[in-house]
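Following the hints, position chains Y, D and V with the ligands against chain G.
4 protein chains.
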Amino acid sequence: MATTAVVGALAVAQKLADRTGLVTDLPGLSGVVLPDFEDLVFGGHDIDPTPLPHRAELLADAGVVPTALVRMLAADLAGVDRRIRRVPPLPAGRQLEYAARISHDLREFRDREGCDRVVVVNVASTEPPLASSPAHADLAALETALRGDSPVLSLSSLYAYAAFRAGCSFVDFTPGAGARIPALGDLAEANGLPWAGSDGKTGETLVKSVLAPMFALRNLRVRSWAGTNLLGGGDGATLADERAAANKIASKGRLLGETLGYEVDAPLHIDYVPDLGDFKTAWDHISFEGFLGLRMSLQFTWHGCDSALAAPLVLDLARLLAQAHAAGRSGPQTPLGFFFKDPVGTDEHRLGAQYESLVAWATSLESGA
Amino acid sequence: MATTAVVGALAVAQKLADRTGLVTDLPGLSGVVLPDFEDLVFGGHDIDPTPLPHRAELLADAGVVPTALVRMLAADLAGVDRRIRRVPPLPAGRQLEYAARISHDLREFRDREGCDRVVVVNVASTEPPLASSPAHADLAALETALRGDSPVLSLSSLYAYAAFRAGCSFVDFTPGAGARIPALGDLAEANGLPWAGSDGKTGETLVKSVLAPMFALRNLRVRSWAGTNLLGGGDGATLADERAAANKIASKGRLLGETLGYEVDAPLHIDYVPDLGDFKTAWDHISFEGFLGLRMSLQFTWHGCDSALAAPLVLDLARLLAQAHAAGRSGPQTPLGFFFKDPVGTDEHRLGAQYESLVAWATSLESGA
Amino acid sequence: MATTAVVGALAVAQKLADRTGLVTDLPGLSGVVLPDFEDLVFGGHDIDPTPLPHRAELLADAGVVPTALVRMLAADLAGVDRRIRRVPPLPAGRQLEYAARISHDLREFRDREGCDRVVVVNVASTEPPLASSPAHADLAALETALRGDSPVLSLSSLYAYAAFRAGCSFVDFTPGAGARIPALGDLAEANGLPWAGSDGKTGETLVKSVLAPMFALRNLRVRSWAGTNLLGGGDGATLADERAAANKIASKGRLLGETLGYEVDAPLHIDYVPDLGDFKTAWDHISFEGFLGLRMSLQFTWHGCDSALAAPLVLDLARLLAQAHAAGRSGPQTPLGFFFKDPVGTDEHRLGAQYESLVAWATSLESGA
Amino acid sequence: MATTAVVGALAVAQKLADRTGLVTDLPGLSGVVLPDFEDLVFGGHDIDPTPLPHRAELLADAGVVPTALVRMLAADLAGVDRRIRRVPPLPAGRQLEYAARISHDLREFRDREGCDRVVVVNVASTEPPLASSPAHADLAALETALRGDSPVLSLSSLYAYAAFRAGCSFVDFTPGAGARIPALGDLAEANGLPWAGSDGKTGETLVKSVLAPMFALRNLRVRSWAGTNLLGGGDGATLADERAAANKIASKGRLLGETLGYEVDAPLHIDYVPDLGDFKTAWDHISFEGFLGLRMSLQFTWHGCDSALAAPLVLDLARLLAQAHAAGRSGPQTPLGFFFKDPVGTDEHRLGAQYESLVAWATSLESGA
Ligand SMILES: NC(=O)c1ccc[n+]([C@@H]2O[C@H](COP(=O)([O-])OP(=O)(O)OC[C@H]3O[C@@H](n4cnc5c(N)ncnc54)[C@H](O)[C@@H]3O)[C@@H](O)[C@H]2O)c1
Ligand SMILES: NC(=O)c1ccc[n+]([C@@H]2O[C@H](COP(=O)([O-])OP(=O)(O)OC[C@H]3O[C@@H](n4cnc5c(N)ncnc54)[C@H](O)[C@@H]3O)[C@@H](O)[C@H]2O)c1
Ligand SMILES: NC(=O)c1ccc[n+]([C@@H]2O[C@H](COP(=O)([O-])OP(=O)(O)OC[C@H]3O[C@@H](n4cnc5c(N)ncnc54)[C@H](O)[C@@H]3O)[C@@H](O)[C@H]2O)c1
Ligand SMILES: NC(=O)c1ccc[n+]([C@@H]2O[C@H](COP(=O)([O-])OP(=O)(O)OC[C@H]3O[C@@H](n4cnc5c(N)ncnc54)[C@H](O)[C@@H]3O)[C@@H](O)[C@H]2O)c1
Ligand code: NA
Ligand code: NA
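Residue numbers (the numbering used here), protein chains in the order written: chain G, 212 to 580; chain Y, 212 to 580; chain D, 212 to 580; chain V, 212 to 580.
With the rest of the complex left out, here is chain G:
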């Protein structure tokens, strides 16, 4: 998805592609002043050494991005690749060192590229949940623990820490703890940094975020909501590991109860089907009850490409958060919940209501309010 986002941003900047899929292009948001695509500079960290241009070609072969586009952008992609640092996997101990290295890279990147500000977006592989720890309560305790030999933070939180230390805002696009740890929240607040999360809402959950309110608004009682997600690709391979899937399933599962106000029997599966490549097919079956107890059902099949759906949202979030940073906002930006499966600071999941908050918030940035 990171690759798709970079290809897309370059294409939009060079007017080789239109803005379909970008929420910031909607009439309601088009008046908001945001960084221009031409002014964005991309860098990153990855444990995988595959060069970005090659990744882009693989995506083109898989039909995710147009082959011609990848060809036209070859030089630009090689340029971005030079700004990607290859890192080792997160070690189990002495995590502070790892974080320091990330922070250092971020500062260097900002200086070298002359960026006004940097937004760190976590789009690394879905991580397994990490138990909470007393060291999470307080920054000093956290940093002490990070010097030790045991794992203290999961990857998403480590990057949040490194970002905040480097004066960067942070988006967690994955279903992890990210900045949702008291010590990290405090750090962001102290450094005047805004952040957002978590877990981009792109497929099955997006559909749920409009269908669940529909049942609610008609006072129809949902009796069960079963879901199956079939996906290949990198994310699919990661989620084939039950521990990683646990985080994702928890993230996807919150919406129903929080929107309907009662608990629903909602079995949910994620199956890795390599054959499906970068596409995901999800089937949901909803059983509901109407007037005088009558039973009815709705089922849907979503066939989408996750990275094509997620990439424009990553770009939207980066631009919006950069602007929030410029406007002096800090802490969790709840009105960005529109973009997430598990929105921080709120249990509002209804897409329409989320959009209204988003517009109000973005419009207020503009005026520097």
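Some hints could be false.
A few chain D residues that don't get close to chain V, going by computed Cβ distances all over 12 Å [as the list claims (entries may be wrong)]:
id	residue
1	215
2	222
3	239
4	287
5	294
6	328
7	461
8	480
Derived, one-sided and incomplete: chain D residues facing chain G with beta-carbon distance under 7 Å [said to hold, decoys possible]:
id	residue
9	354
10	432
11	435
12	439
13	441
14	470
15	474
16	475
17	492
If you want the footprint, here are the derived chain V segments under chain D, 3+ residues with CB under 8 Å [unchecked claim]:
id	segment
18	255 to 269
19	371 to 383
20	414 to 421
21	438 to 449
22	556 to 569
Read the hints as simulated data drawn from the structure, not as lab findings. Every residue gets a Cβ at the ideal spot worked out from N, C-alpha and C, and that includes glycine.
Quick look at chains Y, D and V with the ligands alone, frame taken from chain G:
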């Protein structure tokens, strides 16, 4: 559906059923003062002589309403049946006489039953479209024409006329012209009568009214939206006639263009499949485009019972319109668009936005504002 | 399902229902001489004390069998109930005693009712797999082990043993080991008893048994075949236990590889959704490849009532096996594979081919061949 | 589809593609001696001047055939293009002249290329039905009429006539009358020419041809079978014309009644949705009844590429019919019904049974029997 509404209203009044499916029972509307179910009195006109208790038994056999309920309500249903007038089909000429008879019945019903006010809800069979006529422009011209030998008004409009003449408010739950004729609008205004319409939004279109905004809010471009509706029952039999179906298809078709802001290839079929009885199965296939031109799809299958979905809305509308009448409102009540496929006076089809208007409007009634 | 089978058999015998769903009623089999429905006598064993007439009423309330039918058959059902023995659950040790009691009941039933022969059909709850044991190899070893304190046979095998000891033929309609244990096979052979199994093929697997051959016959390569089964009811509750589900999933999983001749990525889920009651909804998604590597897909949703689908097959099997017994057949009756997900003695799963074997076999019974 | 067939045949001949999708590659048929792919020579008639290599590129852009393949085969495709004659549309009168020209081209092609024999496969656009005429009864009458000014034969029949006159065998892959006209049948017989038809069975109907027998074999009563086909592409554009669609719908409709033995309510739609390009999405909803009258349903969504499904069958048919011609067969080759929606000379639609006939027939060719 009329039968289901009556069975349900009696059941709710006698606390034999809960209020699932009734929108007026939602927290957002529960504060609004409305006529009590215990105070409602039902009457009606029908061309079909089948007694109401027998119709209710047929519905019970078809699994639409609980058999035990019909048994418990047998006496009450017989009571309502005595207040239903059997009428001949609408004649092609001398329609004023037909209307006068309806008006007379309505007045008599109100007096005999001691009702404060009467709401006429048109739930007759879907009618074919009727060409507009110069006589529609003005009340005097209309009444002259109604004395003649040619058809001037379709059934829905004739009932609207009769209702307004009798001092009753009017809901058109069917996809016809109803009160949407200048002369009738004037008459309602002149008599201080509110009205609403048209065509209850219960199944496939309900789902559309949340999915179309979803695509819009994510700036995903809908490329085609094909729909097939399979239904049996009385409405299915009527819609097997292409002329009647024309009205329904037009009514269902408005939402997409008006919500998305561009025209979409949207073939739509209604098939009469007697075997499905009172249930409707609808399949929609949506093809859409995301970032960098990627093609994706969503399909859904809705399996619902139209009359169970529609009946509580009819009761909601009757109570809301009675209250609007009491509060002195007149003319088309646009905020009731929440209930309709083809809402009068607005091209807002987004369910969430419609609900907000509805709540604001209903809350203002309360205060007599 | 046992209840549905008894209700149905009584209804057919008394001409209160037609023979839809009974395979033995097809033109191809209608010439085969089989026991008349009028001549069947039902008995059974169950650990559940609920009386049969009450179970039938519950099924009527759930819409599985017609209420009127249950009312008309009340006395007959009470009669069958008197022939059902309540038994304790299978003990972990001294299983020979349990078996002896079953055998005794079977003999007594046959004598008392004056039956020519008895077919035991196992339709007990799905059992977890039991490890194979050296004692399974030989009848003497088995009987010695059955006297001990450890479990030796799972329920299905214990009933097979008891049936064979009592001179009864045996059908395993569940996904367990049943008679597929060498010592039991020998016993059946020695006593001249035919048997069949296992796991009735009624829903998703039935559809697979025609779709998989379709792909094969067109030389289309199946790339993945994912399945999700949502079910409530008794069987659903049992399968909510992962250990019981293991047997079912193994049984369902054999068809694909054995029919296509290559292994396919085929994730398969069974979810217990109590709300669905006696109905099952299964969704399968098949991805396949055609000429020049093109990818295509097929998906289906099956919405069926398992017991209504299984009950007539149980009756078919009982009648066919009784006739096979009469005709002197013994051992596994492979041509009955038509009825099973996991047919004994063959890897032929194609429904059409299975039907041809069935007809040839049944026709040969007739002639006493 | 013609383009896909040629690209595929060249690719298989040059070992650039495997034989997925070719029925003649199945184990059951692999022993049959058939013309080698290397020995096939392609020519044709078309009213459309687009050069074949360009058509192939368009298909590659649409994802139907691999881009790399089209590039590698560019020269060969240009070679085939030189053997395609552009013709005017079929005139309304003096059709004998048109036929004579086709016949002449066919003979010239055979001589120039040194082919042992030529198979004419009609894959022209779906034609509207043509009323039968007394002139169809007899060859002399037919040829007299063909000299006149009124249309006598539809396109498929005209090509059949031209083929037979030129000593070529004929396949009608389209839903038209083709060779199913007495005078043409006589002509084929007289000239010792085999023929086959009609309307390739590739998508929704293929699935029907295994599902309908499934219901039949389980004695489940189909109550309704509704189908919707959404397709773009050339065939979609043609079928947007109701007159052309009539032929297709009739062809698709035969299977159900002929397989089940009773008539079923079976509404069937074909919608032209240009957006879907060369892919077709079909949804079928089947309502059926089981034991004791219980209602259940099955629905499926087929998402396939018609030309990729049809192209290998066209190649199979050409090779099989060439061999039949060599083996001295003449007249309608009923065992080729496996390939067709509307098989000539039989009402057997069950795919499994059709395959068995095919194998028996093809095996007998081998031996020259
Ligand atoms: N629609 C979507 O694609 C979508 C939606 C919501 C959330 N997400 C989340 O976004 C994330 C990425 O999804 P994807 O489809 O791009 O997955 P992917 O597997 O294609 O990419 C993950 C990348 O993270 C890199 N990575 C792993 N560990 C790392 C580490 N320690 N440091 C730096 N990089 C590391 C991997 O090498 C890989 O390049 C996942 O967590 C996923 O759950 C994706
Ligand atoms: N979910 C829904 O059920 C739903 C949703 C939206 C709109 N509607 C509309 O509501 C209407 C009723 O639907 P239904 O399912 O109850 O249909 P139905 O066929 O069961 O009932 C229609 C009734 O109207 C009566 N009628 C016909 N002509 C009449 C006349 N001239 N005067 C008086 N009565 C007459 C018929 O006798 C019948 O009793 C239809 O127009 C339908 O399009 C229904
Ligand atoms: N379509 C189908 O219904 C279908 C298809 C294939 C296989 N099966 C198999 O048939 C079996 C029965 O299915 P069902 O839906 O009727 O389930 P169910 O749960 O409704 O019935 C199972 C019955 O077995 C009884 N039982 C449990 N342990 C017993 C014991 N030790 N001795 C005697 N009786 C015992 C239970 O009390 C219950 O009455 C299951 O194993 C299921 O997997 C069913
Ligand atoms: N799966 C399938 O593709 C499939 C299955 C069954 C049947 N068919 C039938 O095969 C036929 C072709 O399908 P297609 O998808 O290739 O359609 P298409 O529209 O892509 O191709 C039809 C071709 O026929 C040509 N043509 C039209 N009139 C002609 C004439 N008078 N003489 C010579 N050529 C003429 C057109 O120019 C065009 O090149 C259709 O009749 C279709 O119903 C196709
Ligand atoms: Na939240
Ligand atoms: Na087997």
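Quick rundown of the hints versus the structure:
1. 215: Not fine: 7 Å to the nearest Cβ puts residue 215 (chain D) too close to chain V.
2. 222: violated (7 Å)
3. 239: At about 9 Å from chain V, residue 239 (chain D) fails to clear the 12 Å cut-off, so the statement is violated.
4. 287: The claim stands: residue 287 (chain D) keeps its Cβ more than 12 Å from every Cβ of chain V (closest is about 15 Å).
5. 294: holds (22 Å)
6. 328: holds (24 Å)
7. 461: Holds, since 23 Å exceeds 12 Å.
8. 480: Non-interface label on residue 480 (chain D) holds, nearest chain V Cβ at 19 Å vs cutoff 12 Å.
9. 354: Since the shortest Cβ distance to chain G is 43 Å, the answer is violated.
10. 432: Because about 10 Å separates residue 432 (chain D) from the closest Cβ in chain G, which is outside the 7 Å limit, the hint is violated.
11. 435: holds (4 Å)
12. 439: holds (4 Å)
13. 441: Constraint on residue 441 (chain D) satisfied, holds at 5 Å.
14. 470: Violated. Min distance 18 Å.
15. 474: violated (12 Å)
16. 475: violated (9 Å)
17. 492: Check passed: Cβ of residue 492 (chain D) comes within 6 Å of chain G, closer than 7 Å.
18. 255 to 269: Since 0 is below three, the answer is violated.
19. 371 to 383: The restraint on the segment 371 to 383 of chain V is violated, since only 0 of its residues have a Cβ under 8 Å from chain D and three are required.
20. 414 to 421: holds (count 4)
21. 438 to 449: violated (count 0)
22. 556 to 569: This one holds; 5 residues, not fewer than the three required, reach chain D with a Cβ under 8 Å.
When held up to the earlier numbered hints, the structure conflicts with 1, 2, 3, 9, 10, 14, 15, 16, 18, 19, 21 and fits the remainder.
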